[in-house]
Amino acid sequence: MKWIRNIILGILVSIFLVITHIGLLYLLPYPFNNVHLLLSVFVIMVMWSKSGLVVWLSFFSFFLLDLYSVSSFGTIFVSGTITILILYWFHRDVFTNRSFWTFIILGILGIILFRIFYTISFYLLNFLRGEYFYVFGLNIFFIYMWELLFSMIFMAILYSILIFLQKKSI
Amino acid sequence: MIDKNNMSTKGKTFFAITFVLATVVLLHFLGWIGPVENRIRSILQVGTKPFYKLGSFFSDREDVGKSKDKILSELEACRTRNEEVIIDRTSLTVLEQENAELRFQLNFFSSGEYEHVGAEVIGRTVDPLGTTIILDKGFNHEIKVNNPVIVGKGLLIGKVIEVFENSSIVRLINDINSRVGATVVNNNSSIGLVEGGYGLGIHMNFIPQNEAINIGDAVISSGLTEGMPRGLVIGTIELVEKQPHEPFQQAILQPQADLSHLTLVSIIKT
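Quick note, the sequences are listed as chains A and B, same order.
In terms of this note's numbering, the first sequence opens at residue 416 and continues consecutively.
In terms of this note's numbering, the second sequence opens at residue 46 and continues consecutively.
FYI, nobody ran anything at the bench for these hints, they're computed from the structure.
Hints are supplied without guarantee of correctness; some may be wrong.
Computed Cβ-Cβ distance ranges for the label pairs, DEER-style [to be verified]:
| hint | chain 1 | residue 1 | chain 2 | residue 2 | range |
| --- | --- | --- | --- | --- | --- |
| 1 | B | T315 | A | T435 | 34 to 42 Å |
| 2 | B | D114 | A | W516 | 50 to 58 Å |
| 3 | A | I531 | B | G197 | 55 to 63 Å |
| 4 | B | G197 | A | R507 | 29 to 37 Å |
| 5 | B | Q288 | A | I519 | 16 to 24 Å |
| 6 | B | F293 | A | W516 | 49 to 57 Å |
Away from chain A, derived, C-beta distances all over 10 Å, residues of chain B [claimed, not checked]:
| hint | residue |
| --- | --- |
| 7 | D133 |
| 8 | P173 |
| 9 | G226 |
| 10 | N250 |
| 11 | D262 |
Chain A stretches covered by chain B per the calculated footprint, using a threshold of three residues with CB under 8 Å from any CB of chain B [as the list claims (entries may be wrong)]:
| hint | stretch |
| --- | --- |
| 12 | 470-481 |
| 13 | 572-585 |
In this text the structure is predicted, and so the values were computed from the model without any measurement.
Glycine residues also receive a C-beta, built at the ideal position from the N, C-alpha and C atoms.
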């Protein structure tokens with residue numbers, strides 16, 4: 416019964432995260448709305464999670480987010496899930512602690528990997544669907560830079576809160 | 046040996062996840078998980094719609110902090126524009142009367158009305174790449190891909206690019222992938238292609254170099270784009286860019302509709 420409870424809890428958490436992510440996108444003015452809440456939360460989750468369930472949770476959350484996208488279906492959730500999987504391995508095998516520098520490296524790596532995989536999946540899926548879009552220009556580069564900046568700030572806030580709570584509980 | 050096992054486990058995990066991802070993408074394109082996706086979309090929309098409304102509410106109040114001088118200068122501009130509109134409207138009425146008379150004489154059928162469906166904007170899509178909105182009407186309301194979407198009395202804002210059971214996605218005219226065949230309301234009825242640019246503005250390309258276009262000229266849909274009727278107002282020319290060595294000139298347009306504050310729209314069924 417525990418696994419059923421975990422699945423339901425996972426679905427509810429995913430729905431909550433996706434709605435909050437989209438809500439922030441609507442509410443915040445440009446360029447603040449470039450913060451990638453979902454990815455930021457999963458990067459932090461990777462650091463605190465003790466199991467690979469975080470990857471499946473990211474799979475479901477990015478799947479939900481993909482339903483709100485006009486890019487070919489799969490662009491967001493394939494890139495999101497693969498990014499979280501790589502970050503999970505990276506944290507488990509390379510930077511295994513929860514230090515500030517680990518957080519910085521994981522955060523930057525997460526956003527960069529996500530956008531690299533996003534671009535690859537975008538062109539690959541469009542190619543498979545027989546569509547062609549020439550959208551990647553300097554403007555998109557600036558948007559990605561804003562995303563990196565504001566997501567890192569958001570992650571830093573989350574990280575500080577968690578560290579504070581952790582210290583308080585000891 | 047441990048590393049080898051570790052790598053082998055990772056390989057298996059990666060393969061399993063890739064397989065699941067590929068299967069879900071395949072099932073989506075086959076349409077087998079469409080009903081589930083529509084159901085999930087409806088659930089998510091319940092949560093995201095209030096955020097969109099709240100966002101629109103705040104963005105509508107951007108004018109609150111404006112200085113007195115700015116408001117006065119805008120008021121003056123509005124008055125001037127209003128006078129021009131009154132003059133235009135008068136000549137338009139005369140032209141409409143002449144047109145009606147000519148159509149009657151030619152026994153020409155013209156309804157002048159489009160069959161349309163009203164829709165509410167319930168959100169935007171999440172991509173940084175596109176300028177798109179989500180409407181609360183889908184194929185249950187006979188909405189189809191390429192249906193034009195307007196506000197007011199025929200101000201074009203975009204066209205439908207994706208249709209779901211009870212919602213649809215509209216690509217706005219300022220989206221980088223938007224292309225609409227257009228005509229300038231001038232002596233030459235110059236035709237061209239109205240294209241967007243990352244939500245920052247719209248421009249009209251491929252206007253023949255030898256045709257005279259002026260700032261303030263209205264631009265309407267030409268009817269040459271699939272599913273798009275002629276005569277929907279797109280905007281007015283704000284700037285003309287002309288290079289003597291190029292075969293075409295281009296113009297920067299000011300969209301007639303406010304594309305950042307959309308709440309209620311109409312979808313034209315074509």
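Query raised in the report: Is the nearest CB of chain A more than 10 Å from the CB of B/G226?
Result: At roughly 19 Å from the nearest Cβ of chain A, B/G226 sits farther out than 10 Å, so the non-interface label holds.
Query - B/G197 paired with A/R507, Cβ distance criterion 29 to 37 Å - result: Violated: the Cβ-Cβ distance is about 57 Å, outside 29 to 37 Å.
**Report entry** Consistency of the no-contact label for B/N250, given chain A and a CB cut of 10 Å
**Finding:** Holds, because the least Cβ-Cβ distance between B/N250 and chain A comes to about 14 Å, which exceeds 10 Å.
Query raised in the report: Per the hint of 55 to 63 Å, is the separation of the Cβ atoms of A/I531 and B/G197 within bounds?
Result: violated (43 Å)
Query raised in the report: Does the Cβ distance between B/T315 and A/T435 fall inside 34 to 42 Å?
Result: Holds, at about 38 Å.
Query raised in the report: Per the coverage rule (Cβ-Cβ under 8 Å, at least three residues), is the stretch 572-585 of chain A covered by chain B?
Result: With 0 residues in contact (Cβ-Cβ under 8 Å with chain B), the coverage given for the stretch 572-585 of chain A is violated.
Report task. Confirm or reject the claim that B/Q288 and A/I519 have a C-beta distance inside 16 to 24 Å. Result -> Since the Cβ atoms of B/Q288 and A/I519 sit about 48 Å apart, the hinted range of 16 to 24 Å is violated.
**Report entry** Interface-negative label, B/D133 against chain A, beta-carbon threshold 10 Å
**Finding:** The assertion about B/D133 holds, with a minimum of 34 Å to chain A.
Report task. Say whether it holds or is violated: B/D262 keeps its Cβ farther than 10 Å from all Cβ of chain A. Result -> holds (28 Å)
Query - Given as non-interface: B/P173, partner chain A, CB spacing beyond 10 Å - result: Non-interface label on B/P173 violated, nearest chain A Cβ at 5 Å vs cutoff 10 Å.
Query raised in the report: If you check the beta carbons of B/F293 and A/W516, does the distance land in 49 to 57 Å?
Result: For A/W516 against B/F293, whose Cβ atoms are near 54 Å apart, the range 49 to 57 Å holds.
Requested in this report: Could you say whether the range 50 to 58 Å given as a hint is met by the Cβ separation of B/D114 and A/W516?
Outcome: At 51 Å between Cβs, range holds.
Checked against the numbered hints above, the structure breaks hints 3, 4, 5, 8, 13 and satisfies the rest.
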